[in-house]
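Given these sequences and hints, build the entire structure.
Be aware that the sequence shown starts at 1, since it is given in our numbering, and climbs by one per residue.
Note that these hints are calculated values from the structure, not bench results. Honestly, I wouldn't trust all of these hints.
[As the list claims (entries may be wrong)] Distance condition first, Cα-Cα at most 30 Å in a straight line; then the derived BS3-like pairs of lysine-lysine:
1. K407 with K452
2. K102 with K81
3. K339 with K386
4. K407 with K386
5. K235 with K339
6. K265 with K235
7. K386 with K452
[To be verified] Here are the computed distance ranges between Cβ atoms for each label pair:
8. V124 with R431: 41 to 47 Å
9. Q26 with Y497: 30 to 36 Å
10. D18 with G108: 23 to 29 Å
11. K407 with R428: 20 to 26 Å
Think of the CB as a built atom: it goes at the ideal place given N, C-alpha and C, for glycine as much as any other residue.
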Amino acid sequence: MERAARADFQVLIVDRDDIRRGEMLQWLTELGFRHVTVASAPTSAVTFADANPPHILLVGTDAVDVERGTEARETILNIRKISREIQAILYSSAGDGGATRKLAISIGAWDWLGIPEVADGDIVRRAAVEFCLDRACSRLFAQFEVEAWRDRYTEIAQTGVGESEGSRGRLIQAIRAFSLLKDFDAVVSEACRLFSAADHGGAADAVYLRWIPIRNAFVIQQCSGAHAADFSVRKGFGFSPADRSPVREALQNLREFQELRRFLKDVFRIDNYTVLLHGTPDEPVGLFVISGIDASEGVQSEIEAVTHLFDLTWGAFKHFAIVIRWSAWIGERGLPNRKAFQENLEFEFARARRLRHPLSVAVVRAGALGLELGDALGASFDSVLKVVGSSLRRTLRGTDIVARFGKDQFAVIMPHTPVAEAAAVIDRLCRMTERLNLPALELLHVERLSIKATLVEYPGRVRDSDSLMSLLLDLDWGEMQPRVRVIDAPPGFEPEYVTRFGEGPTL
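Structure (structure tokens):
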């Protein structure tokens, strides 16, 4: 894994052995991890994790020391209560490997590591740490995609359609490949390779034609398969620049797409093929063309699976693009606005429905001891709200989303989080924000902020994003309420699905 891929993961090291703890910190820094926190005691570790939940937790132990083994167990169990997404890794000296492995299994740690002895050399010891940490990073990249694939495989199995062991093996390996790809061209190349491999006779060719709006044309971007060398020419076919309606009509009925059929026959001598649309007829992105594919159910099932993986990766790219755009806003204007919040809410609702995971959303309101914050602060209002927003962003996990929702309100989206866990996180967030020391408050003799929050969960309490938005827009903040209020489901409400949260990958 490249250094840049590790840079944004937050790591917490917990170890009473000063020398080993220092070595681990040095190795992680050399590997490219930029956000590493170190703790020597379980109590301080839980405090650090509570304030800023890490992605990866490294806990050092010694099998011969019963007290340290007990401490390691309590540390991992307490920090997992903060977030189940934290990758807990138990490590020890190589001689204690067997006992460490048993302890890791008994407490549900994600992984365990035996650090080689000093005599083996620093390069060997660092390589062992690198391998284990990269395994954790890969799980973080792939965990939700793996769960989606597991759900899909369960559905396919129920239809009675069989998939060969070779097909299943290729797809399981592809999960990691797709999850680690960060460049769209690389994703298209991987998809074409998998499409061409779906034909067990080895005669398939896969071509990706990218839609170029400014030219009103499809152009070859990627080729894979037995005749890939013959397809290296970057040709394409276009439509009349003045009228895009023929494109839409053709994409609505791909079987009768005559321009595509003529192009494939004239350039590639392809008569028999399967074509898959990437995008929609109104907003096409490209076309996958697969030639020489037999009609067996196993091959068709593998094509569907590759399409599923490609869609997951493409959806993640669109999501990352939104996050990157929001990151630029954070530096200039504070946080994303309500429109951006609604766009991302739609995406997360679709993702939660696909993965059958819970999704919690909260609105956090900042006041000043019962006063309207704007009335109390006057011209200092915007600067204080910007500090509050930054505090909320730092307190939450990297996967959570914070946006400005109203004059003195913030909205928080917490993917893959049930309402009970979300309530605990939001309560901690409110308490930490209330303790902010702001000069603007002191100058106006305002003792402290007063932070309240209202929380709702999908699918347990609302059916869709529109219903959730209606609830949030109609909130009544005038009445007295606890620090965090959870909105209950209406009488007779039935959830859309039963969540699968907490199930580990089974592939």
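Which earlier hints turn out false for this structure, listed by number in ascending order?
-> 5 and 9
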